[in-house]
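Residue-level listing of the chains:
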Amino acid sequence: MQVPTHVEYERASSVDEALEMLSRAGGEARPLAGGHSLIPMMKLRLAQPELLVDISGLTELSYINVADAELRVGALTRHAQLLDSAVAGERLPIVHDAERVIADPIVRNWGTIGGSLCQADPSEDLSAVLAALRATAVIRGAGGVRTVPAREFHAGPYETVVEPGELLVELRIPLTANTGSAYEKVERRVGDWSVAAAGAVLTLAGELIEDAGIGLTAVGAPHFCAPEAEEFLRGRRAGEEAFTTAGQIAAEHSNPVADQRGPEDYKRHLAAELTTRALRKAFERA
Amino acid sequence: MRVTLTVNGSQRTADDVWEGESLLFVLRERLALPGSKNACEQGECGSCTVLLDDVPVCACLVAAGQAAHRRVVTVEGLAPRGELGPVQQAFLEAGAVQCGFCTPGLIVQVHDLLRRTAGAGLPPPGDADIREALAGNLCRCTGYEKILDAVRLAASRLPVMP
Ligand SMILES: Cc1cc2nc3c(=O)[nH]c(=O)nc-3n(C[C@H](O)[C@H](O)[C@H](O)COP(=O)(O)OP(=O)(O)OC[C@H]3O[C@@H](n4cnc5c(N)ncnc54)[C@H](O)[C@@H]3O)c2cc1C
Ligand code: FES
Ligand code: FES
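Residue numbers (our numbering), protein chains in the order written: chain A, 6 to 291; chain B, 6 to 167.
In case anyone wonders, no lab produced these hints; they're calculated from the structure.
Here's a subset of chain A near chain B, in silico, CB distances under 8 Å, partners left out: (1) Met6; (2) Pro110; (3) Trp115.
Lysine to any residue pairs mimicking SDA-like chemistry, simulated, CA-CA at most 25 Å apart: (4) A:Lys48 - B:Glu49; (5) A:Lys48 - B:Arg7; (6) A:Lys48 - B:Thr9; (7) A:Lys48 - A:His11.
We treat Cβ as the ideally placed atom computed from N, Cα and C, and that holds for glycine.
Could you build all of it, start to finish, from the sequences and the hints given here?
Next up, the structure:
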């Protein structure tokens, strides 16, 4: 049996109580959402928190709704709920593309959106998706609520700007007209983490690209996005030529590292090809 | 700590539960329910699948405390009077079991799939739906063909399920 080292456990019955428990314990406490990233890490001794503050029962953080032209997703929403959401599927196909290939149905039943983002694994699919969509993270602490753009949420691998004593409570995704989106992932087998993946969001004005968002997974792109490729696309005529060049630019600015999932040049090739494919599909859907 | 939960319809209490323990450990080692198997213990293989408040989850990655005051159904609960349930019977007849280590997780997951489809009066799941539903249940022996046969067989003769 794989068992973690000694840890204390407390179950929070409200967000306020969770925040209080977390700040009382200081930096050695960790929120426990689905536990599907934290518990495996604890079993392997890669994480050794002293206190788990169980937030998995906080139904107040489990919702998907639309307000002010944004999709608002509570941090404790499960992957399966996001995949079931008709409004997410219709307005944000990139989210459903990604959710379909995150792990498997059983893991998706219990893993949460907030946990996924806070884990900040460089291979986490939703980080790139939310970067492409220019979403906003809502963070709550004892001092109140603050918002952080998804593109500033990660402070490095496995690190976010969420401070000890704070909780990610909501994600806000803009719902923009004349927009299409898509996510393309290559994995070694069904349910595995990405070898590489790319997401694209295109807003059109007639035949021209008014705005573009590109997210990249597992290829060492700073903040999971490709601003140089986005800049290249803005104002250009949408089409194969633009999408191919944008893919190349995205690949040039990524920094993949070789690991058991593939060598560097292959991942860079995927960054280009998957960006182009995602742009093509986003265009078709716009 | 003490954890009270409903397992297979009965209220059960486990004492001296250690805070870092998984629901799987509680079921197997404290409540004498060894049906759910521990294999990878990392969420990869699905052999520990149980229903938690009617939803299939990897019991190896649910902390014991998280299951407190919730309803758990293990593979044992799907054969309540010692009689095989329709999914188990189909696995037996189709020869979908070799070493059997993956079987309890598969039975729970297939039970859930059929409860949501054929068992709810909807059309039986197609092959693509079955493959997707079972994507988190690894089997190293059968090559999956017989498992697919078993699911189709169970779906074809399902009465409406509880
Ligand atoms: C077998 C397997 C395969 C997987 N494959 C993929 C994949 O292909 N792609 C992918 O993207 N992911 C994959 N995952 C990861 C999965 O998406 C995450 O495990 C899961 O969604 C994390 O959510 P959680 O609720 O379980 O987080 P937890 O494990 O509970 O938490 C993760 C981290 O975030 C912190 N945290 C959680 N919630 C909050 C919050 N609200 N505020 C502040 N901090 C918080 C925790 O303290 C912890 O440090 C896989 C996981 C498994 C087990
Ligand atoms: S033992 Fe739980 S998924 Fe493998
Ligand atoms: S029968 Fe042996 S693992 Fe499936």
